[in-house]
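J.: Take a look at the letters that make up each chain.
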Amino acid sequence: MKKVTLLSFALVVFNFIVAQNFDKDMATAKSSFAGNKLEDAHFALQQALSEVDLATGKKILRLLPGSLGNLTANSKDDQVFSNVGFVGATVHRTWGQNQAASLDIISNSPLVSTLNSFLSVPLIGGMMNSDKSKTIKVQGYKGRLDNNGAGTGGGSNYTLQIPVGTSLVTFTMKNAAEGDVLNDANGLPLAEIAKLVQ
Amino acid sequence: MKSFFVYTCALSLFLCCQYRADGQLLKKLKDKVNSVVNPNSTTNSQANSANGNGPANKTGAGLKNTPPPDIPTNMDNAVKSMRDSNFSQTRYALQQAIMGVEIKLGKQILESLPKTVDGLPKKDSQDIVASTQFGWSNMQMQTVYSNGKEKQMKVTIGNMPMYAGLVSLYFGNNVYVSNQQKNPNIKQTQVKGEKAIIQFDQNKGYTLIVQLGQATIVVWECVNFATEDEVMGAATSFDLAGIKKQMGEQ
Chain A
1 MKKVTLLSFA LVVFNFIVAQ NFDKDMATAK SSFAGNKLED AHFALQQALS EVDLATGKKI
61 LRLLPGSLGN LTANSKDDQV FSNVGFVGAT VHRTWGQNQA ASLDIISNSP LVSTLNSFLS
121 VPLIGGMMNS DKSKTIKVQG YKGRLDNNGA GTGGGSNYTL QIPVGTSLVT FTMKNAAEGD
181 VLNDANGLPL AEIAKLVQ
Chain B
1001 MKSFFVYTCA LSLFLCCQYR ADGQLLKKLK DKVNSVVNPN STTNSQANSA NGNGPANKTG
1061 AGLKNTPPPD IPTNMDNAVK SMRDSNFSQT RYALQQAIMG VEIKLGKQIL ESLPKTVDGL
1121 PKKDSQDIVA STQFGWSNMQ MQTVYSNGKE KQMKVTIGNM PMYAGLVSLY FGNNVYVSNQ
1181 QKNPNIKQTQ VKGEKAIIQF DQNKGYTLIV QLGQATIVVW ECVNFATEDE VMGAATSFDL
1241 AGIKKQMGEQ
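Protein chains in written order, with the numbering used here: chain A, 1 to 198; chain B, 1001 to 1250.
Be careful, since some hints might not be right.
Some, not all, of what chain B presents toward chain A, calculated at C-beta under 8 Å [as the list claims (entries may be wrong)]:
| no. | residue |
| --- | --- |
| 1 | Ala1078 |
| 2 | Val1079 |
| 3 | Met1082 |
| 4 | Ser1088 |
| 5 | Thr1090 |
| 6 | Ala1097 |
| 7 | Glu1102 |
| 8 | Leu1105 |
By construction, these hints were calculated from the structure, which means they are not laboratory data. As the structure is a computational prediction, the values presented were derived from the model and not from experiment. Heads up, the beta-carbon is just placed ideally off N, CA and C, and yes, glycines get one too.
Start from the sequences and build out the full structure, keeping to the hints where you can.
T.: Following this line, the structure appears as structure tokens:
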């Protein structure tokens, strides 16, 4: 209970700081633009965009499940990066010991178009299908599931990549069975993530 | 078995392409014969080909030029959406505002360029400002100076980290420097104290590239200029310090 209270308080403080920074950046952008200092206005707008990406990432983290089966989220290791420019925000969470499961969401990922061509062109997708790699559907979203070989603790290591709009959702599990991967992936709030990152 | 399947697919694709190529060749031959027999028939054939067997388009006013995003409105929208915690709309409004700033800045830079260079008037109608909405990188401006005949100078200014990196590589690498002696048609030079590369190609003419600051480059493509000195003289009539400052370079 104490942990939950502390976490909630930390989130409130974070949101307050983000909002403050955003307001400050927008005020700078407006005054710079009014003074025809376009380069300064541009920089301030980029800073504001960076704050929005951070806030989005934090909101996504709040949506993610606290546990996957018997794996508990390592909330302390949660990470949100903002990369203004080509790639937007990056969100990262892990579950279980030794990062048994992990989720990375990269907005505006350059890999999305390549992955989409694998998923939407039957000839290419079909030729690439094997017992180690196949196209699947998770919550209505097409994705690519790769078996990366046997894990050190039994089972296999899996990587599931799902393009959601212009973002790439990558879910990995170590020492798992394929059924567990699909089951846990179905527990991820993909529709809500899609709304936030679009 | 799988290899056989892959090869079969590849062969089918090849045959399909071959058939399509043959079809195109026959169509060209047919058009050629028709053009000799009846000169008007070629025009009809080409017009129809745009829509396959359907009617050729003969009307339409084209698309209207969309004005660049309104910067103050988008900034206000961003603030409002952020208050509502609508991050998606906030991001969109900010991206639009950034694009608007880039286009406005690009237009200002193009307007600041000299009206005439080496006797060639600036063709304002050919001004182009292109911006990606992801912010600054690959922002590009272009204008053309021309006498309407053979002589022309195309000027491109851009924030292109990749190309600027290549220019730096040229200056920092001894292999390129030593290669200058073998290939005198590309060499290092300076324009108003800024590092530059000048190149000559029989078909393209002179190309002069200057790196400004970290990522900005200016490229002059000069067609039918008589000498290297004429190109350098034309380049010095540009206010490079002003461009550098407007692009936010140090």
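J.: Does Ala1097 of chain B hold up as a contact with chain A if the rule is Cβ-Cβ below 8 Å?
T.: Interface hint status for Ala1097 of chain B: holds (6 Å vs cutoff 8 Å).
J.: Under 8 Å, Cβ to Cβ, is where Thr1090 of chain B needs to be relative to chain A, so tell me if that hint holds or is violated.
T.: Nearest chain A Cβ about 5 Å off; hint holds.
J.: May I ask you to test the interface hint for Glu1102 of chain B with respect to chain A, counting a Cβ-Cβ separation under 8 Å as satisfied?
T.: holds, 7 Å
J.: If you take the shortest Cβ to Cβ gap from Leu1105 of chain B to chain A, is it below 8 Å?
T.: holds, 4 Å
J.: Please verify that hint: Val1079 of chain B, Cβ, nearest Cβ of chain A, below 8 Å or not.
T.: Holds, about 5 Å.
J.: Under the criterion of a CB-CB separation shorter than 8 Å, is Met1082 of chain B in contact with chain A as hinted?
T.: Check passed: Cβ of Met1082 of chain B comes within 6 Å of chain A, closer than 8 Å.
J.: With 8 Å as the cut and Cβ atoms as the points, is Ala1078 of chain B at the interface with chain A?
T.: holds, 7 Å
J.: Should the hint that Ser1088 of chain B touches chain A count as held when the rule is a Cβ pair under 8 Å?
T.: This hint holds: Ser1088 of chain B lies near chain A, its Cβ roughly 5 Å from the closest one there, short of 8 Å.
Checked against the numbered hints given earlier, the structure satisfies every one of them.
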